[in-house]
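Numbering of the sequence shown is given in this note's numbering, commencing with residue 1 and proceeding in unit increments.
If you're looking for bench data, these hints aren't it; they were derived computationally from the structure. Careful: at least some of the hints might be erroneous.
[Unchecked claim] No farther apart than 25 Å at their CA atoms in a straight line, the calculated lysine-lysine pairs in the DSS-like style are these:
{"no.": "1", "residue 1": "LYS95", "residue 2": "LYS57"}
{"no.": "2", "residue 1": "LYS159", "residue 2": "LYS130"}
{"no.": "3", "residue 1": "LYS57", "residue 2": "LYS23"}
{"no.": "4", "residue 1": "LYS176", "residue 2": "LYS95"}
{"no.": "5", "residue 1": "LYS130", "residue 2": "LYS95"}
{"no.": "6", "residue 1": "LYS23", "residue 2": "LYS130"}
{"no.": "7", "residue 1": "LYS23", "residue 2": "LYS75"}
{"no.": "8", "residue 1": "LYS57", "residue 2": "LYS159"}
{"no.": "9", "residue 1": "LYS57", "residue 2": "LYS181"}
{"no.": "10", "residue 1": "LYS75", "residue 2": "LYS152"}
{"no.": "11", "residue 1": "LYS57", "residue 2": "LYS130"}
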Amino acid sequence: MYFAITLVVLALVFLIWALTPVKQGYAYTIERFGRYTHTAQPGLNFIMPIFDRVGRKVNMMEQVLDIPGQEIITKDNAMVAVDGVVFFQVLDAAKAAYEVSDLYLAIMNLTTTNLRTVMGSMDLDGTLSKRDEINTRLLHVVDDATTPWGVKITRVEIKDIRPPADISNAMARQMKAEREKRANILEAEGMRASEILRAEGEKQGQILQAEGRREAAFRDAEARERQAEAEAKATQMVSDAIASGNTQAINYFVAQKYVEAVSQFATSPNSKTILFPVEATQLIGTLGGIGELAKDALDRKAGA
């Protein structure tokens, strides 16, 4: 009875000892007498007690490794302080456990040395403006170097690049000068555009004024032409009347000139009093001659 109970207890102890749980996100390497045999995946795994044991517990999740700050001399002999981060994931637990002594230290040293190499081949302006290029180059170099270790480098990021204080001040002054230069250029271009627009406006105004004067001159010439035609027609009518024997027609010209002379006296700014050198009855007689002339012309038109 006691022997059976003892066997059951020993069997339970053996079973508990043989069953090894593996947490999710991890992989355990199993060694038999110190030699790697297989990798235990997440879950409940059976190993042979006394003969087998867990060698390494490898984290299979993506991990982040900080790269400590370091000073790097660029191609143009400027010293900058740089720090960054590396994202990596173990794909092969056995290689990560047995191909490299200290995985984290190896990745850190590998990234640090390649960071010095990449940034040391660039000038200061390149290191400050080409972070994406630096990250890409580091990613390819470090990933190729860590492939034999069963590690995949997913990202390499430069967190901060700090140039010396005197260089930072010089860059700040340069940036200020560049911005002032651009501001002056923009202001000059604005003034130039404004002057061009103003000149174009004045040009268009002058063109419109010239067109207006041309139109007015054309209208004046047309009016004078019509007036001349009217005067020529009137003169022809008077000439025809004189030729027909009507001597009163000549009074038309006398009256016209007389009226023009009187109107000039009346509109003179220096004349307060107008003296007529002729009698008023002569003016009335002249106007009467014009009336008779008009009457005769109307009678002839009606008889025709």
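LYS23 paired with LYS130 [C-alpha distance capped at 25 Å] = Violated. LYS23 to LYS130 sits at ~41 Å, over the 25 Å cutoff.
message = Just to be careful, I want the Cα atoms of LYS57 and LYS130 compared with a cutoff of 25 Å; is the pair within it?
response = violated (39 Å)
ask   = Is it true that the CA of LYS159 sits at most 25 Å from the CA of LYS130?
value = Roughly 13 Å between the alpha carbons, so the hint for LYS159 and LYS130 holds.
ask   = If you draw a straight line from the CA of LYS95 to the CA of LYS57, is it 25 Å or shorter?
value = Holds, at about 12 Å.
ask   = Holds or violated: LYS57 with LYS23, Cα cutoff 25 Å?
value = Holds: LYS57 and LYS23 sit about 10 Å apart, inside 25 Å.
inquiry  = Can you confirm whether the C-alpha distance between LYS57 and LYS159 stays at or below 25 Å?
reply    = violated (30 Å)
message = For LYS130 and LYS95, compute the direct alpha-carbon distance and say whether it is at most 25 Å.
response = Measuring from Cα to Cα gives roughly 34 Å; hence the hint is violated.
inquiry  = Next pair to validate is LYS23 with LYS75; report whether the Cα-Cα distance is within 25 Å.
reply    = violated (48 Å)
ask   = Does the alpha-carbon distance linking LYS176 and LYS95 stay inside the 25 Å limit?
value = Outside the cut-off at roughly 54 Å; violated.
message = Tell me if the straight-line CA distance from LYS75 to LYS152 falls inside 25 Å.
response = Violated, at about 30 Å.
inquiry  = Tell me if the straight-line CA distance from LYS57 to LYS181 falls inside 25 Å.
reply    = Distance of about 61 Å is beyond 25 Å: violated.
Comparing the model with each numbered hint stated earlier shows that hints 4, 5, 6, 7, 8, 9, 10, 11 do not hold.
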